[in-house]
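**Q** Turn these sequences into a full structure, and let the hints steer you where they fit.
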Amino acid sequence: MLGIADAANIVGAKQARTMMQDREILYENHPDPMWVQDLETRRFLDVNAAAIAAYGYSREEFLALNAVDVRPPDDVAPERHHGEASTVRHQRKSGEVFLVQTTAQPVEWKGRRAEFVTVRDVSRAVALEQERDALLQREASLRQAAESAAEQLAEQNANLRIAQRLIGMGIWKYEVWSGRLSWSPELFRMFRVNEASLENTLDAYNALVHPDDRQAMDANFRAFLDSGDSHLEFAHRIVHPDGGVIHVRGSAEASDTPDGKLLTGMVQDVTREVEQGERLRLLDLSVSRLNDMVVIFEARPGPEALNAPVVYLNAAFARVTGRDETDVLGRSILSVMAEAAPGIPLEVLEQALAGEVSMRSDIRLFAKDGRVLPAEIDLVPVRNPAGSMTHWVAVMRDMTEKQTADARALMNEERYQMLARSTHDVVWDWDIRSGVLTWNENFRQLAGSPQAPLTDRLTSWSNRLHPDDHDRVLEGFHGAIAGDGETWSAEYRFRRDDGDIRFVFDRGFISRDKTGRGVRIVGSIVDITAQKLAEGRLAQAEKLEALGQITGGVAHDFNNLLMIIMGNAETLLDRANDARERRLLELMFSAAERGRDLTGRLLTFARRIPLNPVPLDINEQVIRSAELLRRTIRANIRIETDLRAPDATVECDPAQLELVLLNLAVNARDAMKDGGVLTLETRLTEEGGAEQVVLTITDTGTGMDRETLRRCLEPFFTTKPVGQGVGLGLSMAFGFMAQTGGRLAIASEPGQGTKVSLVFPRSVHTAGSAMPAPPAAPVGGDELILLIEDEAGVREHVSAVLSGLGYQVAACENADAAIRYLEEGGGADLILTDIIMPGSVDTRHVVEAASKRFPDIQVLYTSGYPKELIQRDGRLASDIELLSKPYRRVELAVRLRALLDAKSAANPGLRVQTDED
Numbered sequence: 001m002l003g004i005a006d007a008a009n010i011v012g013a014k015q016a017r018t019m020m021q022d023r024e025i026l027y028e029n030h031p032d033p034m035w036v037q038d039l040e041t042r043r044f045l046d047v048n049a050a051a052i053a054a055y056g057y058s059r060e061e062f063l064a065l066n067a068v069d070v071r072p073p074d075d076v077a078p079e080r081h082h083g084e085a086s087t088v089r090h091q092r093k094s095g096e097v098f099l100v101q102t103t104a105q106p107v108e109w110k111g112r113r114a115e116f117v118t119v120r121d122v123s124r125a126v127a128l129e130q131e132r133d134a135l136l137q138r139e140a141s142l143r144q145a146a147e148s149a150a151e152q153l154a155e156q157n158a159n160l161r162i163a164q165r166l167i168g169m170g171i172w173k174y175e176v177w178s179g180r181l182s183w184s185p186e187l188f189r190m191f192r193v194n195e196a197s198l199e200n201t202l203d204a205y206n207a208l209v210h211p212d213d214r215q216a217m218d219a220n221f222r223a224f225l226d227s228g229d230s231h232l233e234f235a236h237r238i239v240h241p242d243g244g245v246i247h248v249r250g251s252a253e254a255s256d257t258p259d260g261k262l263l264t265g266m267v268q269d270v271t272r273e274v275e276q277g278e279r280l281r282l283l284d285l286s287v288s289r290l291n292d293m294v295v296i297f298e299a300r301p302g303p304e305a306l307n308a309p310v311v312y313l314n315a316a317f318a319r320v321t322g323r324d325e326t327d328v329l330g331r332s333i334l335s336v337m338a339e340a341a342p343g344i345p346l347e348v349l350e351q352a353l354a355g356e357v358s359m360r361s362d363i364r365l366f367a368k369d370g371r372v373l374p375a376e377i378d379l380v381p382v383r384n385p386a387g388s389m390t391h392w393v394a395v396m397r398d399m400t401e402k403q404t405a406d407a408r409a410l411m412n413e414e415r416y417q418m419l420a421r422s423t424h425d426v427v428w429d430w431d432i433r434s435g436v437l438t439w440n441e442n443f444r445q446l447a448g449s450p451q452a453p454l455t456d457r458l459t460s461w462s463n464r465l466h467p468d469d470h471d472r473v474l475e476g477f478h479g480a481i482a483g484d485g486e487t488w489s490a491e492y493r494f495r496r497d498d499g500d501i502r503f504v505f506d507r508g509f510i511s512r513d514k515t516g517r518g519v520r521i522v523g524s525i526v527d528i529t530a531q532k533l534a535e536g537r538l539a540q541a542e543k544l545e546a547l548g549q550i551t552g553g554v555a556h557d558f559n560n561l562l563m564i565i566m567g568n569a570e571t572l573l574d575r576a577n578d579a580r581e582r583r584l585l586e587l588m589f590s591a592a593e594r595g596r597d598l599t600g601r602l603l604t605f606a607r608r609i610p611l612n613p614v615p616l617d618i619n620e621q622v623i624r625s626a627e628l629l630r631r632t633i634r635a636n637i638r639i640e641t642d643l644r645a646p647d648a649t650v651e652c653d654p655a656q657l658e659l660v661l662l663n664l665a666v667n668a669r670d671a672m673k674d675g676g677v678l679t680l681e682t683r684l685t686e687e688g689g690a691e692q693v694v695l696t697i698t699d700t701g702t703g704m705d706r707e708t709l710r711r712c713l714e715p716f717f718t719t720k721p722v723g724q725g726v727g728l729g730l731s732m733a734f735g736f737m738a739q740t741g742g743r744l745a746i747a748s749e750p751g752q753g754t755k756v757s758l759v760f761p762r763s764v765h766t767a768g769s770a771m772p773a774p775p776a777a778p779v780g781g782d783e784l785i786l787l788i789e790d791e792a793g794v795r796e797h798v799s800a801v802l803s804g805l806g807y808q809v810a811a812c813e814n815a816d817a818a819i820r821y822l823e824e825g826g827g828a829d830l831i832l833t834d835i836i837m838p839g840s841v842d843t844r845h846v847v848e849a850a851s852k853r854f855p856d857i858q859v860l861y862t863s864g865y866p867k868e869l870i871q872r873d874g875r876l877a878s879d880i881e882l883l884s885k886p887y888r889r890v891e892l893a894v895r896l897r898a899l900l901d902a903k904s905a906a907n908p909g910l911r912v913q914t915d916e917d
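First residue of the sequence shown? That's 1 in this note's numbering, and the numbers climb one at a time after it.
Careful: at least some of the hints might be erroneous.
Said to hold, decoys possible - Beta-carbon label-pair distances, calculated as ranges:
1. Asp22 <-> Trp109: 14 to 24 Å
2. His470 <-> Glu233: 18 to 28 Å
3. Gln445 <-> Arg711: 20 to 30 Å
4. Ile623 <-> Pro453: 52 to 62 Å
5. Arg120 <-> Asp38: 15 to 25 Å
6. Glu475 <-> Arg222: 50 to 60 Å
7. Thr571 <-> Leu709: 40 to 50 Å
8. Lys93 <-> Glu28: 12 to 22 Å
9. Ala530 <-> Glu475: 19 to 29 Å
10. Gly243 <-> Ala530: 51 to 61 Å
11. Thr632 <-> Gln445: 42 to 52 Å
12. Glu175 <-> Gly243: 28 to 38 Å
13. Glu686 <-> Gly485: 45 to 55 Å
14. Arg630 <-> His470: 46 to 56 Å
Said to hold, decoys possible - Pairs of lysine-lysine residues, derived as DSS-like cross-links and limited to a Cα-Cα distance of at most 25 Å, are as follows:
15. Lys673 <-> Lys755
16. Lys261 <-> Lys173
17. Lys261 <-> Lys402
18. Lys110 <-> Lys14
19. Lys402 <-> Lys368
20. Lys852 <-> Lys903
The hints are simulated quantities; they were obtained by calculation from the structure and are not laboratory data. Just so you know, these numbers come straight off a predicted model, no measurement behind them. Glycine included, every Cβ here is placed at the ideal spot set by N, Cα and C.
**A** Structure representation (structure tokens):
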């Protein structure tokens, strides 16, 4: 018996045979030709019935062929790509060639590698495609021909419109029966109206006609319609929407149509022609009223030139010489000039007429009444459009007034030159009509150029105006000339040729002719740069004073707040063990210290911070600062020193000087992104008979442009991105130098680096030793400290710090409470007090009361803004001990210990006893 597995195998074999039979039936009966061919030899291994029918071979004939045999002999076998359809030519047994699309796939055929090929006849489809392409080409050709014809028609229309526009002409039609008026596009352009907004009526056209011409135009048109004439002529003015006026002239012809009478006409813009005629009329009127005498005579060649007749003379000739038209017209120019100007040499006149060129000469005119007048004659030839000479124009002018005016002008010029040479101002004279501007010698000094021309155009002045003042000054200058005033003045900046800017005050006096038109303006320029700089310094001083007052007012309360923040942060840091908490506290403490530094910089700039100057060897300070900078500045910046001021001592606060050098070095570092050289140099110089010590900090960075250099000392001005600088480094250095009694100078050019010079008066004192370094840890004691502090938070914090250091503390909220404490028998080894106190008495009264009981008591003042302790020279009084707020615990401990130890050394065994003791 068969097992289950054997039965399953039998069933599977049957199913496989069934599937194979189905595939063979599909292959054999498929309508498209198919065959199997050897992969290497391409010989046919099997074909279906459709292939036999399509190619005309029997199965035996087919199997004797290969794939190349069904292709035309002249075809090259294409490269085969399995799975891709390709279109090729095949040939039937009959020799007929047709197009097919073949697809080949690799198969396994009876144990050998073969290809299964499917063929589809695409001859009909290709033919239809070619027919479609031919139709598309024909359509494109027809479309191109139509477009060409349209373009030609459009070009003809455009040419017609251009011709109409060039001659200023448009076409119109008017249907008398309907009242409809239509225009060509040229008329809409000529009248500057929108076609869509204009009604096609005669009333709409009448609205465009000038109001003064409207009634006559309407009457002319109505008369034409009533007369029955076929031709219409008209001329009137049209008003454009913008108010402009043009002159038009037109005509029309009437024609009869089945609907009624139709007028077809044209309109032409004749504005230019009308204006030209008007100009000729005005010219004739003007010539007839000229003061100059005009005589026109014909131009004749050769010897006949002097015999040419006079054809025109104006009224001025008759009025001056007493010879009218009856005396002159028709006579030869030679005879007329022999009477009116007998002094003209005959050969000169002949030479001028023969040369056909203009001539000018001085003559004397003889009037009929015997007067002899100095005059000037211009002979000008007149030519026709072809270039031929037709006439001569002789223009003669009476020079009597001119000679008198010239004499006056010469005298005035001599006076002007004397004035220009006798002043230090820059004197200028602008002839408005000729455009010539004249300067005196002082202009070259103002311009900064010894070669500056003294006779030039107005641009020699306007081009030197500062760009920010240029438009304002020129507008006022030309506005004054165009007005009716007699003076003009302005204050502006003048750019010298060397780039320097000068502040000047300029004033001019305007000379006008009889019509009020400005013809000349004379003025002077005064250099007021020194005055402006003084005003700037005063304004800067007032600004500094205001900033100092504002800063001082804020500093006291702000530093008290910082005192509380720093103190509590410092206390919590001592107790915190968690790393994250310590980091947060360190950030808080660091921010408070930055606030302290910012307030200190503001006070330094405003010269409100107390200085503790000591004699200081400037070279030693530079060496110490250079070592510090080498450890903090980037490695790609080389720090060099050039100490050329041996034994140079200055008096200044070393801590503030070190801070200034650090700020300047940071600025230099930021200007040298790619590295460079930072040089610290000292040298001696002399100013005003006194020796000066100059400390110069020079970098090779990007430098500053003129505007940045001008503003670099302003507080909070910075070119750094937000968060990378507050703009107080240079301003703090400036304030420090001013408070120290020196000065700060800056020189910089873009791409050339920056040079900052700190100039100190040289001190006659000997430099002391360097300041001792503070102890690494605070040292306390058991003495009694009288703490006077009005700010509760600060008082609580300082009390805790003092107690933590081992001291006894008596805390009072103000000076009144401290005095009561002393009066009640309270004692103290040292008073730690804020300077500014509310209440009826101040700190001085407390110190006086304590000193009476304890003559050797020490006082340590604290303040965020100790203006009461700062002397006029900006220094702290020598007998004052001050600890500026906000301060750290170690700073307080060191200062307390130093004062108490000094007291003990002076009075061994002395200890303050209180009533409680």
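**Q** It remains to establish, for every hint, whether it holds in the given structure.
**A** Against the structure, the hints come out as follows:
Checked against the hint of 14 to 24 Å, the C-beta distance between Asp22 and Trp109 comes to roughly 18 Å, which is consistent with it. The given range of 18 to 28 Å is broken by His470 and Glu233, whose C-beta atoms sit roughly 58 Å from each other. As the Cβ distance of Gln445 to Arg711 is approximately 29 Å, the hint placing it in 20 to 30 Å holds. For Ile623 paired with Pro453, a C-beta distance near 56 Å keeps the hint of 52 to 62 Å intact.
For Arg120 and Asp38, the Cβ-Cβ distance of about 22 Å falls inside the hinted range of 15 to 25 Å, so the restraint holds. Taken as a hint, the range 50 to 60 Å holds for the pair Glu475 and Arg222, whose Cβ atoms sit roughly 55 Å apart. For the pair Thr571 and Leu709, the beta carbons lie near 47 Å from each other, so the given range of 40 to 50 Å is met. A C-beta distance of roughly 20 Å is found between Lys93 and Glu28, which places it inside the suggested range of 12 to 22 Å.
Against the hinted window of 19 to 29 Å, the Cβ-Cβ separation of Ala530 and Glu475 comes to about 28 Å, which satisfies the hint. For Gly243 and Ala530, the Cβ-Cβ distance of about 55 Å falls inside the hinted range of 51 to 61 Å, so the restraint holds. Checked against the given bound of 42 to 52 Å, the beta carbons of Thr632 and Gln445, roughly 49 Å apart, stay inside it. Checked against the hint of 28 to 38 Å, the C-beta distance between Glu175 and Gly243 comes to roughly 32 Å, which is consistent with it.
Judged by the Cβ atoms, the range 45 to 55 Å given for Glu686 and Gly485 holds: they are separated by roughly 53 Å. Taken as a hint, the range 46 to 56 Å holds for the pair Arg630 and His470, whose Cβ atoms sit roughly 49 Å apart. Of the pairs offered as hints, the one joining Lys673 and Lys755 holds, with about 17 Å between alpha carbons and a cut-off of 25 Å not exceeded. Pair hint Lys261 plus Lys173 holds up; C-alpha atoms about 11 Å apart against a cutoff of 25 Å.
The suggested pairing of Lys261 with Lys402 is violated, with an alpha-carbon distance near 70 Å, which exceeds 25 Å. Among the hinted pairs, Lys110 with Lys14 is consistent with the structure: their alpha-carbon atoms are about 20 Å apart, no more than 25 Å. For the given pair, Lys402 sits about 22 Å from Lys368 by alpha-carbon distance, which is consistent with the 25 Å threshold. Of the pairs offered as hints, the one joining Lys852 and Lys903 holds, with about 16 Å between alpha carbons and a cut-off of 25 Å not exceeded.
Violated hints, listed in ascending order, are 2 and 17; each of the other numbered hints is respected by the structure.
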